[in-house]
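Based on the hints, put chain B in the right spot on chain A.
Residue strings, one per chain:
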Amino acid sequence: MTAIVEGVFGLGQSEREAALLPALTELTEHHRAHCEPYDRILGSLGHARGADFGSVEQVPWLPVRMFKHHVLKSVPDDQVFKVLTSSGTTGAEVSRIYLDKEAAADQPRYLGRTLQAVLGEKRLPMLMVDTIGIIKNRRSFSARGAGVLGMANFGRKHVYALDEDDQPDVEAIKGFLAAHGDEPFLIFGFTFMVWQYLYEVAREHRLDLSNGILIHSGGWKKLIDRAVDNTEFRRRFAQDTGLTRIHNYYGMVEQLGTVFVEGPSGNSLYCPDFADVVIRDPETWAEQPVGVPGVIEVVSTVPRSYPGHALLTEDLGVVHGIDDGDWPGKRFSVLGRLPRAEARGCSDTFSGGAA
Amino acid sequence: MDLQQRLRSTFVEALGLGEGVDVENLKYREIEEWDSVGHMALVAAIEDEFDVQFDTDQVIDMSSFKVALDMLRVLGAGD
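Sequences listed follow chains A and B, in order. First residue of the first sequence? That's 1485 in the numbering used here, and the numbers climb one at a time after it. First residue of the second sequence? That's 68 in the numbering used here, and the numbers climb one at a time after it.
Isolated chain A (complex conformation):
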């Protein structure tokens, strides 16, 4: 298992940037050649084609919001295999992410290599903290459905912890634990649902989750309202259910296949070797020093069917340290959503440039 960890979370920051820079430069040219709106956006911002960038931080980025307002794809219409959508927090607007067959086949491999670092190769019995209803409409999955399906490959004997009315199915959870609770098992769900539907049910029914490995993702907003942050989440799960192997991850539909994973000691997210983060000052867009919060940019060499290799998110984050944690590279936290006004301001600039 160590070899696998080294295979995905192995590159120190300078080696990582040296490997990423030529790949991101090539991707920028690839998308400019195959996605006309992207080429226009970059052109309007003064980026010449064929430019060399001095560092990862200088590679041009797009605000994720652009995928809500523009058709951004680098494959011909007849090769679009699947269109994924994400509903943001704003409701009506959705991002549209275009995948060709190759991209659809690639992204689970990247996700697989990344998560095997914490799960190992063996597929474990899997408790899904969701309802099977989420994947019933096969033509169009929500981001939640896509997340559930993407994770399903890592487990076997899947049991859903919620019934079709989104209510906890205590008997299903108990049945799963009776069958598999004595050996390592996998739990997956969105952070808020894991708290509300698994933690609270497990505490009430005194369920033993000590052999579990929890992989969870999604915002903390609803939990912060209940005064539960990442530290408290880990502490209460350990204290009340025995669950200590907990890995939060951060990723988005606009950069499918790339996830940033919480290390074993908790409270820091790490970048897989094919990705990185740049925390930017929201006023100058310059990279922030370690310890200073800013807007999170995510870079990844995975996106090839749409220009998503360098994306400015609408999340605030902070780098805690570089090459000084469980795994090499930057370690960071997501602090929450960017206040709306700032997000709108920055994307308007780009929309104007693209019009």
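Keep in mind the hints are simulated off the structure, nothing from the lab. Incorrect hints may have been included.
Stated by the list, open to error - Over the 10 Å line for every Cβ pair with chain A, so calculated as not near, a few chain B residues:
{"id": "1", "residue": "68"}
{"id": "2", "residue": "72"}
{"id": "3", "residue": "73"}
{"id": "4", "residue": "75"}
{"id": "5", "residue": "80"}
{"id": "6", "residue": "87"}
{"id": "7", "residue": "90"}
{"id": "8", "residue": "91"}
{"id": "9", "residue": "92"}
{"id": "10", "residue": "93"}
{"id": "11", "residue": "111"}
{"id": "12", "residue": "117"}
{"id": "13", "residue": "120"}
{"id": "14", "residue": "137"}
{"id": "15", "residue": "141"}
Stated by the list, open to error - Here are the in silico distance ranges between beta carbons for each label pair:
{"id": "16", "chain 1": "B", "residue 1": "140", "chain 2": "A", "residue 2": "1808", "range": "44 to 52 Å"}
{"id": "17", "chain 1": "A", "residue 1": "1563", "chain 2": "B", "residue 2": "90", "range": "21 to 29 Å"}
{"id": "18", "chain 1": "B", "residue 1": "90", "chain 2": "A", "residue 2": "1647", "range": "30 to 38 Å"}
{"id": "19", "chain 1": "B", "residue 1": "94", "chain 2": "A", "residue 2": "1606", "range": "22 to 30 Å"}
{"id": "20", "chain 1": "A", "residue 1": "1606", "chain 2": "B", "residue 2": "85", "range": "32 to 40 Å"}
{"id": "21", "chain 1": "B", "residue 1": "130", "chain 2": "A", "residue 2": "1692", "range": "36 to 44 Å"}
{"id": "22", "chain 1": "A", "residue 1": "1563", "chain 2": "B", "residue 2": "108", "range": "37 to 45 Å"}
{"id": "23", "chain 1": "B", "residue 1": "140", "chain 2": "A", "residue 2": "1773", "range": "50 to 58 Å"}
{"id": "24", "chain 1": "A", "residue 1": "1651", "chain 2": "B", "residue 2": "89", "range": "37 to 45 Å"}
Source: prediction; values computed, not measured. Glycine included, each C-beta is placed from N, C-alpha and C at the ideal position.
Using the frame of chain A, we list chain B on its own:
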């Protein structure tokens, strides 16, 4: 029934394939029935039928009927 025929009927049943589907030449994502939801059901059905366990890479790499058949042969299933 030989391995290939057993696998064929497992595919037909797990994916709900109609008659006339060229099962032996099927590829993942080529038909509606074999999408990621179908894939989950298919993997579980093959594991049950042949009493094998695939690891994560094998589930991700199971990109065609032929690949699945080769994987079963390597695992010594149905011998």
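Hint-by-hint comparison with the structure:
At roughly 25 Å from the closest C-beta of chain A, the C-beta of residue 68 (chain B) stays outside 10 Å, upholding its exclusion from the interface. The beta carbon of residue 72 (chain B) is kept farther than 10 Å from every beta carbon of chain A, the shortest such distance being approximately 25 Å. Every Cβ of chain A is farther than 10 Å from the Cβ of residue 73 (chain B); the closest lies at roughly 20 Å, confirming the non-interface assignment. Separation of residue 75 (chain B) from chain A is adequate, the least Cβ-Cβ distance of about 23 Å exceeding the 10 Å criterion.
Every CB of chain A lies more than 10 Å from the CB of residue 80 (chain B), the least distance being 18 Å, so the non-interface label holds. Every beta carbon of chain A lies more than 10 Å from that of residue 87 (chain B), the smallest distance being close to 21 Å; the non-interface claim holds. Even its closest Cβ contact with chain A, about 20 Å, leaves residue 90 (chain B) beyond 10 Å, as expected for a residue assigned away from the interface. Every CB of chain A lies more than 10 Å from the CB of residue 91 (chain B), the least distance being 20 Å, so the non-interface label holds.
Consistency note on residue 92 (chain B): stated as away from chain A, and its beta-carbon is indeed over 10 Å from all of that chain's, at 16 Å minimum. Residue-level check passed: residue 93 (chain B) sits 14 Å from the nearest beta carbon of chain A, beyond 10 Å. Listed as outside the interface, residue 111 (chain B) is inconsistent with that label: its C-beta sits roughly 7 Å from the nearest C-beta of chain A, within the 10 Å cut-off. At the 10 Å boundary, the C-beta of residue 117 (chain B) stays outside the reach of chain A, the nearest C-beta of that chain being 14 Å off.
Residue placement check: residue 120 (chain B) does not keep its beta carbon more than 10 Å from all beta carbons of chain A (closest about 7 Å). With 10 Å as the threshold on Cβ separation, the claim that residue 137 (chain B) sits away from chain A holds: the shortest Cβ distance comes to roughly 18 Å. The Cβ of residue 141 (chain B) lies farther than 10 Å from every Cβ of chain A, with a closest approach of about 15 Å, so its non-interface assignment holds. Taken as a hint, the range 44 to 52 Å holds for the pair residue 140 (chain B) and residue 1808 (chain A), whose Cβ atoms sit roughly 48 Å apart.
Evaluation of the 21 to 29 Å hint for residue 1563 (chain A) and residue 90 (chain B) yields a pass: the beta carbon distance comes to about 26 Å. Between residue 90 (chain B) and residue 1647 (chain A) the beta carbon distance is about 34 Å. The supplied range of 30 to 38 Å therefore holds. Distance hint check for residue 94 (chain B) and residue 1606 (chain A): the Cβ-Cβ separation is about 26 Å, which falls inside the suggested range of 22 to 30 Å. Restraint check, residue 1606 (chain A) to residue 85 (chain B): a C-beta distance of roughly 35 Å satisfies the suggested window 32 to 40 Å.
Between residue 130 (chain B) and residue 1692 (chain A) the CB atoms are about 39 Å apart, so this pair conforms to the stated range of 36 to 44 Å. At about 27 Å, the CB distance of residue 1563 (chain A) to residue 108 (chain B) disagrees with the hint of 37 to 45 Å. Here the CB-CB span from residue 140 (chain B) to residue 1773 (chain A) is close to 56 Å, well matched to the stated 50 to 58 Å. Our hint of 37 to 45 Å for residue 1651 (chain A) and residue 89 (chain B) holds, since their Cβ atoms are close to 43 Å apart.
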